[in-house]
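Chains as they are written, first to last, in the numbering used here: chain F, 246 to 588; chain B, 246 to 588; chain A, 246 to 588; chain S, 246 to 588.
Hints are not guaranteed to be accurate.
[Claimed, not checked] Below, a list of computed lysine-lysine pairs in the BS3-like style, where the Cα atoms sit at most 30 Å apart:
#, chain 1, residue 1, chain 2, residue 2
1, A, Lys322, S, Lys471
2, S, Lys548, A, Lys548
3, B, Lys555, F, Lys553
4, F, Lys403, F, Lys489
[Stated by the list, open to error] A few chain A residues that don't get close to chain B, going by computed Cβ distances all over 12 Å:
#, residue
5, Ser321
6, Gly346
7, Val370
8, Leu446
9, Glu463
10, Thr473
11, Gly475
12, Lys489
13, Lys515
For the record, the hints were derived by calculation from the structure and aren't laboratory data. This one's a predicted model, so the numbers in the text were calculated from it and none came from an experiment. Backbone N, C-alpha and C fix where the C-beta goes; we use that ideal spot for every residue, glycine too.
There are 4 protein chains.
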Amino acid sequence: MNEYPMAFVTAPGRVEFKNRTLPPLKDDDVLIKVKASSICGGDIHLYKGKHPLASLPMAIGHEVSGEVIELGPAVSKIAVGDRVAVEPVIVCRRCYFCLRGEYHLCQNIGYQYSSGQGGFTPYFVVSEDWVHCLPDFISYEEGALLEPLAVAVHAVRKAQIEPGHYAAIFGAGGIGLFLLQAVKAAGSGEVFIVDLLEHRLKTATSLGARFTLNAAQEDPVERIFKETQGLGVDRSFEAVGLEKTLQQSAQSLKKGGICVLIGLFEDPLKVIFPVNLFVQREIQIRGSRGYCWDFQVALELVKNGQVKLKPLISHQLPLQDLSRAFEILLDPKSQANKVVIQL
Amino acid sequence: MNEYPMAFVTAPGRVEFKNRTLPPLKDDDVLIKVKASSICGGDIHLYKGKHPLASLPMAIGHEVSGEVIELGPAVSKIAVGDRVAVEPVIVCRRCYFCLRGEYHLCQNIGYQYSSGQGGFTPYFVVSEDWVHCLPDFISYEEGALLEPLAVAVHAVRKAQIEPGHYAAIFGAGGIGLFLLQAVKAAGSGEVFIVDLLEHRLKTATSLGARFTLNAAQEDPVERIFKETQGLGVDRSFEAVGLEKTLQQSAQSLKKGGICVLIGLFEDPLKVIFPVNLFVQREIQIRGSRGYCWDFQVALELVKNGQVKLKPLISHQLPLQDLSRAFEILLDPKSQANKVVIQL
Amino acid sequence: MNEYPMAFVTAPGRVEFKNRTLPPLKDDDVLIKVKASSICGGDIHLYKGKHPLASLPMAIGHEVSGEVIELGPAVSKIAVGDRVAVEPVIVCRRCYFCLRGEYHLCQNIGYQYSSGQGGFTPYFVVSEDWVHCLPDFISYEEGALLEPLAVAVHAVRKAQIEPGHYAAIFGAGGIGLFLLQAVKAAGSGEVFIVDLLEHRLKTATSLGARFTLNAAQEDPVERIFKETQGLGVDRSFEAVGLEKTLQQSAQSLKKGGICVLIGLFEDPLKVIFPVNLFVQREIQIRGSRGYCWDFQVALELVKNGQVKLKPLISHQLPLQDLSRAFEILLDPKSQANKVVIQL
Amino acid sequence: MNEYPMAFVTAPGRVEFKNRTLPPLKDDDVLIKVKASSICGGDIHLYKGKHPLASLPMAIGHEVSGEVIELGPAVSKIAVGDRVAVEPVIVCRRCYFCLRGEYHLCQNIGYQYSSGQGGFTPYFVVSEDWVHCLPDFISYEEGALLEPLAVAVHAVRKAQIEPGHYAAIFGAGGIGLFLLQAVKAAGSGEVFIVDLLEHRLKTATSLGARFTLNAAQEDPVERIFKETQGLGVDRSFEAVGLEKTLQQSAQSLKKGGICVLIGLFEDPLKVIFPVNLFVQREIQIRGSRGYCWDFQVALELVKNGQVKLKPLISHQLPLQDLSRAFEILLDPKSQANKVVIQL
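This is chain F alone, in the form it adopts within the complex (with noise of 0.2 Å):
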């Protein structure tokens, strides 16, 4: 157990895995036996070389779950033998924002797999405050979810959603099929869900969404119009990434709505945006970063059956796929969607 391997991507569409020698575990560090770890849009930015925050080599893999098999000499909070998810954000704790609550703007912030430790192997050492404990009924598959349904969830509190606001959801990727859950779980009355690919949003469909538009068929600013009697949306999130989306989430709102953006851009310096949109309709763009504090509401919204995990998963793999899984992210044909490794 002192030497295990963990993986990083070492150039554009290349897996390798560095052994890596077990630290001690300092005062508040659990050791985690990995038992899930599943695939970002992130880890696939960095795959595919194109992550437009970090460079290559890095580490890779930051939703994980599993077992808590040793504790350091201060651990008070938690147990050996429970079964958590990992939060993997670093934060200082004494910054402007850290010490107001904000850690996910942490002047010094940084994550697990940036700093060296992937998600990707079968150990992994944090401090207890950054787990969270699964109950009996969420499998460790699913409780690696529980980092992105955070991201979704962080987002639609920053959209603050009221009961009954109609939204509209650009993509239907996994961030997006977790917005969809946790848009509803709000009380949101109609939703719309926008992708260009028929899998996705047959997904969506299976999630309880009433209106699936493929922007490949029909305009979703025109469509959205027509069904809500010309007002447009309260709400929209822009989970893809791309200058037409972005322009087609704030022309759906209605005057005074809220766009939630969490997609990073590929290519951000080129991004022309119907800038009068904003005086005219009152509009308004929210950016929505990582999570704070959204763990423990992602986890509520489980534990109430308003958000399911498992129709995201796609596939399942052991470890030593890691790289074919990878490649069935990038084949369309795949009708991929969350795919999870297994340890």
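Place chains B, A and S on chain F using the hints.
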């Protein structure tokens, strides 16, 4: 049709029908053939002669649904044959509050029943602005319940519930059971519902409540703190109107929490409140009055399946049995919940 | 008095007076003897033939004050002799937004000037609902400026400024200088105001700005971060309408900060925005359109002495010099700020 | 310097000095040479033996300013010679509330004085995190008043005052006069301030209050409705702690208005509240506890000149006259406001 009966409480415990002549339809009026009309807690206050704000004789009934059978000359949004629920307010449209869209605070607010038009009657006349179309899958009996649901929705919006919030509801009568559903629809985490009557708590369980607390058997505040790791709930709702439950609603709050008050107190001038709680735990109490743009939200929640109206209907009776309906409601053995008069 | 002249821009750079006949006063109309009428940035867009939303010929002028000299038959709140400022909107009072009190988003919104009644004219007719009484200590010239002040007040309310917030204002023209005062009136901490013209920054200094930044001489974003210990400002205001200042408004924000956009862009379809800033720093951009219940607030701020109108008036001219007034405004050497036409 | 005196109330009406030994400075502690220390209403509760939450003997004094004269080994933000005001809380930094930045709600909150370190003493030891640097133009006597100003700032933020709001303040003691200034700094419109003592109302007038109401001479609720066209105020503040003023604070509100409660009640278990007001007028009562990131805001308001500290200081006395200082405060003829002990 020109003469038709309408029910009044003329003295405590006494319901009488008086004949009324159909008024001519003004510009934007619609004439409704009433199909269902349910009894509200306010009606019971009147029947007992203990309404804190109104005196006898008084028309009763304001939870009304029916079919539109005739239109005033300027009606443009409603058609003959529409199935509708009535929002029974009368507002001036010109005062400070109306102009700002807060019509429930109208300086000249009235209600249909207090202006002489009760709801236990075969015909009802109201401006098209105050009817809400019912989809086919909502029965008239359910449609009549949109009014108390709107009361609950207004309270939930006033509470500014956020996904994951823990909530406690004091009172599992009609409003309490709608609050339960609306609070869950808004994405709350654990919900506690408190009452003295076991059959009401059973209905709450069937509507998805996990924690039903019988205050005759346990101290609800103690239990709530036990189940929330000593923190208390983020939001509480007082839907009873008694000193004891008001105190418990405040005491069960997490620091910084919000209690929404919906119940009217029959004996308001004797209510002692543990007032230092406000400062010590930085809590809030917010009154919630009626509804304002809440029928629309209520309809969305019913359409989405997040709120069920039918399980609240315990009795259905014809108009001539109206007196008996009140007796049923006052008899604890009847285990009544909402009693609907069918026409 | 039955025939009187009214100014139009008939072609770029061309102001013409057309004769107009006094219409009969409808129910709640009041007839105003115009005393002062000032020139807005929108008028300059029209004069240059570059208004992004309107085409020529067009009546000009909508910042109007005067004395009420005649009343329609149903006027009840205003008396002959009242000194008033005009709120120049035309709204339907029946649409989704009007009913909710958000009349600035009215589905059928118009403005007096775009409906044919400009403000550079001796008589003005408007419903009593859209005039605001001026206390004696506010002159007519100042009263005409209530309209642009209301624009600034609306933007400040949209920004949800809290006491102690740091703010940056891009653009020290009329709106910028009103923003400066309204932001300070709302309890902000340090305020930065940015422009290219030294005389505007001098006026800003005289109005209490501590940090006046000339963007021709230093990088305002760099300076703002230097003066805020590397944090940036809580709120920024874009009151220019250029790609560069929009970018700077966003870049100067503290993480989690809010930029309010007031300026209209003459060339909106070419504006590139560094869009990953939204997610990386979790910032917001909010459009601010016109005013809605803001004249009332603007009046309170003037009555309290928190906002001064007079220092913004650089030139006062008679009606026949209207063309010259535009020339003054377009001449950088004139050091003009607000130019008021006196009648 | 190793032994120094510190003041305690040992019995009602009895102030005694006990000798204390200087503790060694822990990591981030700073040693302050106290220069000024003022008396709070809470100290008076203690002196009278009627504090609702604390029992005798008890150290007194927590409004402290001074010069930093020694640093613990890990201090990094503060230097010897810094002029500072002290924020006298003790929080755990680990509980639910601390982690979220709401340290005033800390589950383990304490105060320096209740932990044995009062403020009427020549030396004070506190972590560098809880001192706030004073600019040169703020005297030490003024600096001591930053603490009660922070209480007022917290209440004003809790009230969510918006520009133009009308407000009423019940109680023109120290907190009331700071509330007056903070409410005006936040952009309020008309402000009413109510008290029984004429000299306090005079100070209020000198601080810019337009409506000073002597409740011994007129009914403040009646007057407020008369001056607000029958609407009432948007926000009220209860800074007395009596049943009567609590009732008036609620009754003077506009429908939908918010009352913020700051005063502690000496006799809380007898307070009857007209509880149907909550629902009938949809009002809110919000408790305000202490401060949380409010010293920073308070400093901004003083730096901007929006709040003046000096006019509140009615008496300055040396440490040996502390008992006499309490007598002055309890003597209505002394017309005392804030009494500052100078060292």
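Going through the hints against the structure:
Annotation: proposed proximity of A:Lys322 to S:Lys471 holds, straight-line Cα distance about 17 Å (limit 30 Å). Simply put, S:Lys548 and A:Lys548 have alpha-carbon atoms about 23 Å apart, close enough for the 30 Å limit, and the pair holds. For the hint linking B:Lys555 to F:Lys553, the alpha-carbon distance of about 26 Å falls within 30 Å, and the restraint holds. Note on F:Lys403 and F:Lys489: the hinted pairing holds, with a Cα-Cα distance of about 22 Å set against a maximum of 30 Å.
Distance check for A:Ser321 against chain B: the nearest CB is about 10 Å away, which does not clear 12 Å, and the non-interface claim fails. In this structure A:Gly346 is not separated from chain B by more than 12 Å, as the shortest Cβ-Cβ distance comes to only about 3 Å. Every C-beta of chain B lies more than 12 Å from that of A:Val370, the closest at about 21 Å, which supports listing it as non-interface. The claim that A:Leu446 is not at the interface with chain B holds, since no C-beta of that chain comes within 12 Å of its own (minimum 38 Å).
Non-interface status of A:Glu463 relative to chain B is upheld: no Cβ of that chain comes within 12 Å, the nearest being about 42 Å off. Every C-beta of chain B lies more than 12 Å from that of A:Thr473, the closest at about 29 Å, which supports listing it as non-interface. For A:Gly475, the non-interface assignment is confirmed: its Cβ lies about 30 Å from the closest Cβ of chain B, beyond the 12 Å cut-off. No Cβ of chain B approaches the Cβ of A:Lys489 within 12 Å, the least distance being about 38 Å, so the stated non-interface status holds.
No beta-carbon of chain B comes within 12 Å of the beta-carbon of A:Lys515; the shortest separation is about 38 Å.
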